[in-house]
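There are 2 protein chains.
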Amino acid sequence: MEFQGSKDRNLTMLVDFYEITMANGYLEQGIGDRIAVFDMFFRKIPDGGGFALFAGLEQLIDYLNNLSFTHDDIEYLRSRKIFCDEFLDYLANFKFECDVWSVQEGTPVFPNEPIVIVRGPIIQAQLIETMTLLTINHQSLVTTKANRIVRAAQGRGISEFGSRRAQSYDAAILGARAAYIGGCTGTACVMSDRLYGVPAVGTMAHSWVQMFDSEYDAFKKYAEIYPENCIVLVDTYNVIKSGVPNAIKMFNEVLLPMGYRPKGIRIDSGDIAYLSKKARVMLDEAGFSDVEICASNSLDEYLIRDLLIQDAKVDSFGVGENLITSKSDPVFGGVYKLAAIQNDDGSYTPKIKISETIEKITNPHFKTIYRFYNKSNGQAIADCVTLFDEVIDDNKPYTIFDPVATWKKKTLTNFTIRKLLIPIFEKGKLVYECPALEDIRSYCEEQVSLLWDEVKRFEFPHRYYVDLSDKLWKIKNEMLSKYNFG
Amino acid sequence: MEFQGSKDRNLTMLVDFYEITMANGYLEQGIGDRIAVFDMFFRKIPDGGGFALFAGLEQLIDYLNNLSFTHDDIEYLRSRKIFCDEFLDYLANFKFECDVWSVQEGTPVFPNEPIVIVRGPIIQAQLIETMTLLTINHQSLVTTKANRIVRAAQGRGISEFGSRRAQSYDAAILGARAAYIGGCTGTACVMSDRLYGVPAVGTMAHSWVQMFDSEYDAFKKYAEIYPENCIVLVDTYNVIKSGVPNAIKMFNEVLLPMGYRPKGIRIDSGDIAYLSKKARVMLDEAGFSDVEICASNSLDEYLIRDLLIQDAKVDSFGVGENLITSKSDPVFGGVYKLAAIQNDDGSYTPKIKISETIEKITNPHFKTIYRFYNKSNGQAIADCVTLFDEVIDDNKPYTIFDPVATWKKKTLTNFTIRKLLIPIFEKGKLVYECPALEDIRSYCEEQVSLLWDEVKRFEFPHRYYVDLSDKLWKIKNEMLSKYNFG
Numbered sequence: 125m126e127f128q129g130s131k132d133r134n135l136t137m138l139v140d141f142y143e144i145t146m147a148n149g150y151l152e153q154g155i156g157d158r159i160a161v162f163d164m165f166f167r168k169i170p171d172g173g174g175f176a177l178f179a180g181l182e183q184l185i186d187y188l189n190n191l192s193f194t195h196d197d198i199e200y201l202r203s204r205k206i207f208c209d210e211f212l213d214y215l216a217n218f219k220f221e222c223d224v225w226s227v228q229e230g231t232p233v234f235p236n237e238p239i240v241i242v243r244g245p246i247i248q249a250q251l252i253e254t255m256t257l258l259t260i261n262h263q264s265l266v267t268t269k270a271n272r273i274v275r276a277a278q279g280r281g282i283s284e285f286g287s288r289r290a291q292s293y294d295a296a297i298l299g300a301r302a303a304y305i306g307g308c309t310g311t312a313c314v315m316s317d318r319l320y321g322v323p324a325v326g327t328m329a330h331s332w333v334q335m336f337d338s339e340y341d342a343f344k345k346y347a348e349i350y351p352e353n354c355i356v357l358v359d360t361y362n363v364i365k366s367g368v369p370n371a372i373k374m375f376n377e378v379l380l381p382m383g384y385r386p387k388g389i390r391i392d393s394g395d396i397a398y399l400s401k402k403a404r405v406m407l408d409e410a411g412f413s414d415v416e417i418c419a420s421n422s423l424d425e426y427l428i429r430d431l432l433i434q435d436a437k438v439d440s441f442g443v444g445e446n447l448i449t450s451k452s453d454p455v456f457g458g459v460y461k462l463a464a465i466q467n468d469d470g471s472y473t474p475k476i477k478i479s480e481t482i483e484k485i486t487n488p489h490f491k492t493i494y495r496f497y498n499k500s501n502g503q504a505i506a507d508c509v510t511l512f513d514e515v516i517d518d519n520k521p522y523t524i525f526d527p528v529a530t531w532k533k534k535t536l537t538n539f540t541i542r543k544l545l546i547p548i549f550e551k552g553k554l555v556y557e558c559p560a561l562e563d564i565r566s567y568c569e570e571q572v573s574l575l576w577d578e579v580k581r582f583e584f585p586h587r588y589y590v591d592l593s594d595k596l597w598k599i600k601n602e603m604l605s606k607y608n609f610g
Numbered sequence: 125m126e127f128q129g130s131k132d133r134n135l136t137m138l139v140d141f142y143e144i145t146m147a148n149g150y151l152e153q154g155i156g157d158r159i160a161v162f163d164m165f166f167r168k169i170p171d172g173g174g175f176a177l178f179a180g181l182e183q184l185i186d187y188l189n190n191l192s193f194t195h196d197d198i199e200y201l202r203s204r205k206i207f208c209d210e211f212l213d214y215l216a217n218f219k220f221e222c223d224v225w226s227v228q229e230g231t232p233v234f235p236n237e238p239i240v241i242v243r244g245p246i247i248q249a250q251l252i253e254t255m256t257l258l259t260i261n262h263q264s265l266v267t268t269k270a271n272r273i274v275r276a277a278q279g280r281g282i283s284e285f286g287s288r289r290a291q292s293y294d295a296a297i298l299g300a301r302a303a304y305i306g307g308c309t310g311t312a313c314v315m316s317d318r319l320y321g322v323p324a325v326g327t328m329a330h331s332w333v334q335m336f337d338s339e340y341d342a343f344k345k346y347a348e349i350y351p352e353n354c355i356v357l358v359d360t361y362n363v364i365k366s367g368v369p370n371a372i373k374m375f376n377e378v379l380l381p382m383g384y385r386p387k388g389i390r391i392d393s394g395d396i397a398y399l400s401k402k403a404r405v406m407l408d409e410a411g412f413s414d415v416e417i418c419a420s421n422s423l424d425e426y427l428i429r430d431l432l433i434q435d436a437k438v439d440s441f442g443v444g445e446n447l448i449t450s451k452s453d454p455v456f457g458g459v460y461k462l463a464a465i466q467n468d469d470g471s472y473t474p475k476i477k478i479s480e481t482i483e484k485i486t487n488p489h490f491k492t493i494y495r496f497y498n499k500s501n502g503q504a505i506a507d508c509v510t511l512f513d514e515v516i517d518d519n520k521p522y523t524i525f526d527p528v529a530t531w532k533k534k535t536l537t538n539f540t541i542r543k544l545l546i547p548i549f550e551k552g553k554l555v556y557e558c559p560a561l562e563d564i565r566s567y568c569e570e571q572v573s574l575l576w577d578e579v580k581r582f583e584f585p586h587r588y589y590v591d592l593s594d595k596l597w598k599i600k601n602e603m604l605s606k607y608n609f610g
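These protein sequence lines map, in sequence, to chains A and B.
The first sequence begins at 125 in this note's numbering and counts up by one.
The second sequence begins at 125 in this note's numbering and counts up by one.
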């Protein structure tokens with residue numbers, strides 16, 4: 125049987141139960157086809173970073189394109205005995221009819237701005253809540269984390285080695301895809317190469333070394349089979365006393381006579397800073413200054429930064445569990461909130477979710493985002509969330525202001541603007557072509573390069589401006605003042 | 125198209141690339157059919173807990189039963205141009221022939237004891253490394269975390285609500301299964317109900333409340349459709365001034381006249397301790413002392429414990445991201461290491477992995493585990509890891525000792541013993557029948573009840589004894605002394 129990539133998988137029933145009870149409820153109340161607008165947005169950047177990276181759109185599209193309820197799904201729902209026949213018939217004949225806008229994969233995104241907008245019959249827009257969040261949350265989390273690690277390595281390659289510690293199968297497969305978008309050079313995960321074209325790499329585990337009578341023999345046997353790009357694992361017994369000397373011996377006695385330059389050694393445990401420096405000297409003195417040292421051992425962006433400060437002689441890193449789970453902050457907290465309902469005359473009634481937890485108050489209305497760039501150097505200056513049909517004239521100065529500390533204003537001149545949300549589905553029809561993975565990865569790298577260094581630092585990054593247009597701010601504040609917080 | 129549950133999914137290509145290079149290498153070196161023994165074990169209990177819970181065996185079995193390489197898989201591998209034809213033919217005709225032993229799902233497990241053992245041709249045993257780890261690591265992580273949260277709630281129900289923040293699709297679906305084994309009462313995830321029978325529950329989101337002209341109207345409309353077990357979400361605008369009064373009004377004006385008792389209210393934001401106590405008084409005074417209060421808002425075991433210390437009036441909890449990702453410690457660090465190679469005469473040569481990182485040194489040899497229980501009260505006393513064929517006589521005193529601080533000894537009398545590892549596959553044939561999910565859940569609850577309270581506390585739990593038999597300890601120490609650590 126062929127593996128089912130997410131392209132072919134029907135994940136329609138991956139919904140929260142309440143989405144189905146609500147959908148049935150809307151239909152029973154006769155408002156199932158009211159046009160609603162939902163925003164996906166997030167409130168907090170993982171790891172206290174200055175920006176997040178958006179990913180997962182291709183899989184969201186696959187899901188929406190495959191939305192359909194099987195006969196068994198319908199019978200399962202019928203067996204719950206709380207859904208009406210009309211609703212079950214609706215699901216059995218389900219045809220996706222929503223409009224979807226999204227930012228592109230690889231785009232830097234910020235809290236409290238809509239990164240996906242869904243407009244359509246409430247019964248449909250509600251049903252896709254869980255999968256929209258799940259898909260975007262996961263990949264955005266891993267892309268964001270991978271990019272932190274990639275930046276810490278200052279140009280050295282990062283391979284994603286975390287499948288075995290991923291939170292189940294898709295987390296490994298799609299996590300490797302997300303990590304690649306964030307700048308990793310490859311993955312250990314073969315399935316991710318098969319399905320998405322993420323380059324799969326890998327050489328040997330300790331078991332290979334243990335299977336032979338001696339470490340030298342294990343290296344020799346490996347090199348005979350894989351003389352090209354030969355990398356050996358040197359920490360099975362003792363890196364300095366055994367692993368590196370045996371590697372050098374094998375390079376001289378096996379690879380060079382075969383006509384191949386060795387590629388590298390890998391250290392997977394112990395004091396990487398100390399061991400890599402010792403190994404570097406040994407390799408250099410043996411005439412192998414071109415042989416690379418790869419390190420792996422529960423690394424993350426902070427350990428890599430620290431290794432480089434210590435002048436560790438590492439040319440590339442393999443990063444596992446801390447990347448694939450974003451261990452230090454493993455949740456991307458995207459939410460999906462009702463923002464507006466369309467009236468019969470085509471106008472919108474904005475909706476807001478109030479909360480005693482101030483951060484949980486939403487931005488109401490059907491919206492869009494403009495990103496402002498400095499016309500001289502291309503750098504991103506600020507995002508402005510506006511009503512959907514607001515137009516910003518990039519020939520005139522534009523004043524942005526902080527939505528909370530409203531006296532903090534800045535008038536922008538000499539800028540270019542770009543609408544970040546682009547149409548993906550129009551009335552259920554896909555109108556967007558997903559770029560190739562390599563192109564997404566390049567776009568991501570370019571967009572990150574347009575952010576100020578102050579936004580990119582790990583400690584206390586500058587908070588990038590995400591402001592509301594004057595019109596939107598007024599609407600929100602009028603709505604807030606209607607509720608009594610006393 | 126029908127959704128593919130893990131039962132039907134072919135995940136054969138979910139391997140690390142180095143497993144394939146090694147497998148091809150073993151074959152090319154003529155040692156592909158050497159019988160090797162691999163252990164899966166872990167080194168650290170998540171969250172500094174006193175025990176972990178083993179889960180995922182059913183999915184591991186599904187994977188092993190579906191192991192097969194498709195024509196496209198073979199062609200993909202051929203295109204890498206480093207694998208020999210004989211190896212590709214071997215994969216094309218792959219037939220799983222290993223023996224597998226495992227502890228049962230729901231069993232408390234401890235560091236440095238084998239929880240899965242694979243014995244078979246090295247070429248095969250090596251290939252299943254990633255999936256064995258990935259499958260068991262993920263579900264054991266979530267079951268362990270769920271059980272902590274369940275225990276913190278002291279009998280109050282915990283619903284798993286985390287799908288939207290899970291690390292991709294399987295993490296949501298199988299995470300809900302794992303959480304149920306750990307003691308949760310249900311999940312929001314419909315797919316997990318469909319595929320595994322985890323009870324799916326859920327009522328309404330804020331969007332339901334926002335869709336109607338007033339909060340009261342939203343509650344009324346909901347109750348008309350779902351009068352049974354009716355739970356309303358009271359924090360869309362203001363819990364005390366709006367949500368609870370509207371709920372009480374609806375109970376009186378809609379549910380009671382229809383002949384139904386209301387079931388509950390849910391609070392999803394704000395100060396749960398304060399709000400639940402206020403709401404409790406309001407409900408009691410209105411004659412609804414039987415109406416339950418459910419709380420959800422980024423909860424975990426510590427927050428729940430703290431809420432109960434504050435005497436919060438919460439009857440059940442919905443727990444999302446902190447459970448489904450095991451946020452505070454999102455990695456279950458299971459590893460898969462070569463432990464022995466079988467010789468032609470049937471004996472075993474033990475194998476060890478040395479490391480400058482002491483914790484990374486493995487326990488060599490083909491092994492098994494005995495768990496000792498106090499015969500009088502049934503409580504678990506210790507585990508002893510022995511050679512595979514060692515027999516412990518439960519009629520004689522047995523002395524266990526700490527494998528590092530060897531002077532720490534304890535002679536056990538009045539005990540019963542149980543072998544934890546049971547046969548799952550024999551020469552590739554499944555010989556184990558997976559229990560029903562409900563039975564796994566009950567078994568788990570029972571086994572946890574047999575642990576001392578000191579092992580179960582969150583802070584500085586007692587370290588449960590996992591000792592090596594005298595024979596095994598001697599073999600390990602002889603091997604260690606052969607290597608020079610100077």
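Don't take each hint at face value.
Which copy is meant is left open, because identical chains are indistinguishable; a pair holds if it fits in one copy or across any two.
Okay, derived cross-link-like pairs now, DSBU-like style, lysine-lysine, Cα gap no bigger than 35 Å in a straight line [claimed, not checked]:
1. Lys344 - Lys219
2. Lys373 - Lys219
3. Lys606 - Lys451
4. Lys365 - Lys595
5. Lys345 - Lys520
6. Lys533 - Lys551
7. Lys344 - Lys532
8. Lys451 - Lys484
9. Lys205 - Lys387
10. Lys387 - Lys365
11. Lys437 - Lys580
12. Lys580 - Lys595
13. Lys533 - Lys437
14. Lys551 - Lys484
15. Lys543 - Lys168
16. Lys168 - Lys580
17. Lys168 - Lys451
18. Lys553 - Lys205
19. Lys551 - Lys532
20. Lys533 - Lys600
21. Lys365 - Lys580
22. Lys595 - Lys484
23. Lys219 - Lys606
24. Lys344 - Lys600
25. Lys595 - Lys606
No lab work stands behind these hints, which were simulated from the structure alone.
The model shown is predicted, which means the values in this text are computed figures rather than measured ones.
We went through each hint and held it up to the structure:
1. Only between protomers do Lys344 and Lys219 lie at most 35 Å apart by alpha-carbon distance; the minimum there is 30 Å, versus 60 Å within a single protomer.
2. Taking the closest pair of Cα atoms, Lys373 and Lys219 never come within 35 Å of each other, the shortest separation being 66 Å inside a single copy and 38 Å across copies.
3. With identical chains, the CA atoms of Lys606 and Lys451 are never at most 35 Å apart, being 42 Å at best within one copy and 37 Å at best between copies.
4. Taking the shortest alpha-carbon separations for Lys365 and Lys595, only the inter-copy value of 30 Å comes in at or below 35 Å, while the best intra-copy value is 70 Å.
5. In this homomeric assembly, Lys345 and Lys520 never come within 35 Å of each other (Cα to Cα): the closest approach is 70 Å inside a single copy and 49 Å across copies.
6. Taking identical chains as interchangeable, the C-alpha atoms of Lys533 and Lys551 are never at most 35 Å apart, the minima being 39 Å within one chain and 73 Å between chains.
7. With identical chains, the CA atoms of Lys344 and Lys532 are never at most 35 Å apart, being 67 Å at best within one copy and 44 Å at best between copies.
8. Taking the closest pair of Cα atoms, Lys451 and Lys484 come within 35 Å of each other both inside a single copy (25 Å) and across two copies (20 Å).
9. Within a single copy, Lys205 and Lys387 get their C-alpha atoms only as close as 64 Å, which misses the 35 Å cut-off; across copies the closest is 18 Å, which meets it.
10. Within a single copy, Lys387 and Lys365 get their C-alpha atoms as close as 21 Å, which meets the 35 Å cut-off; across copies the closest is 69 Å, which misses it.
11. For the identical chains of this complex, Lys437 and Lys580 are intra-copy neighbours only, at 25 Å inside a copy versus 44 Å across copies, given an alpha-carbon limit of 35 Å.
12. In the homo-oligomer, the alpha carbons of Lys580 and Lys595 lie at most 35 Å apart inside one protomer (31 Å), although the nearest pairing across protomers, at 56 Å, exceeds that limit.
13. Taking identical chains as interchangeable, the C-alpha atoms of Lys533 and Lys437 are never at most 35 Å apart, the minima being 47 Å within one chain and 45 Å between chains.
14. In this assembly of identical chains, the alpha carbons of Lys551 and Lys484 lie at most 35 Å apart only when taken from the same copy (30 Å versus 56 Å across copies).
15. Only within a single protomer do Lys543 and Lys168 lie at most 35 Å apart by alpha-carbon distance; the minimum there is 22 Å, versus 48 Å between protomers.
16. When the C-alpha separation of Lys168 and Lys580 is checked against a cutoff of 35 Å, the pair qualifies both within a copy, at 15 Å, and between copies, at 33 Å.
17. Taking the closest pair of Cα atoms, Lys168 and Lys451 come within 35 Å of each other both inside a single copy (16 Å) and across two copies (15 Å).
18. In this assembly of identical chains, Lys553 and Lys205 lie within 35 Å of each other by CA distance solely inside one copy; the values are 33 Å within and 41 Å between copies.
19. Within a single copy, Lys551 and Lys532 get their C-alpha atoms no closer than 40 Å, and across copies no closer than 72 Å, so neither meets the 35 Å cut-off.
20. Taking identical chains as interchangeable, the C-alpha atoms of Lys533 and Lys600 lie at most 35 Å apart only when both belong to the same chain, with a minimum of 18 Å there against 70 Å between chains.
21. Taking the closest pair of Cα atoms, Lys365 and Lys580 never come within 35 Å of each other, the shortest separation being 41 Å inside a single copy and 43 Å across copies.
22. In this assembly of identical chains, Lys595 and Lys484 lie within 35 Å of each other by CA distance solely inside one copy; the values are 21 Å within and 61 Å between copies.
23. For the identical chains of this complex, Lys219 and Lys606 are neighbours neither inside a copy (38 Å) nor across copies (69 Å), given an alpha-carbon limit of 35 Å.
24. In this assembly of identical chains, the alpha carbons of Lys344 and Lys600 lie at most 35 Å apart only when taken from different copies (27 Å versus 70 Å within one copy).
25. For the identical chains of this complex, Lys595 and Lys606 are intra-copy neighbours only, at 17 Å inside a copy versus 77 Å across copies, given an alpha-carbon limit of 35 Å.
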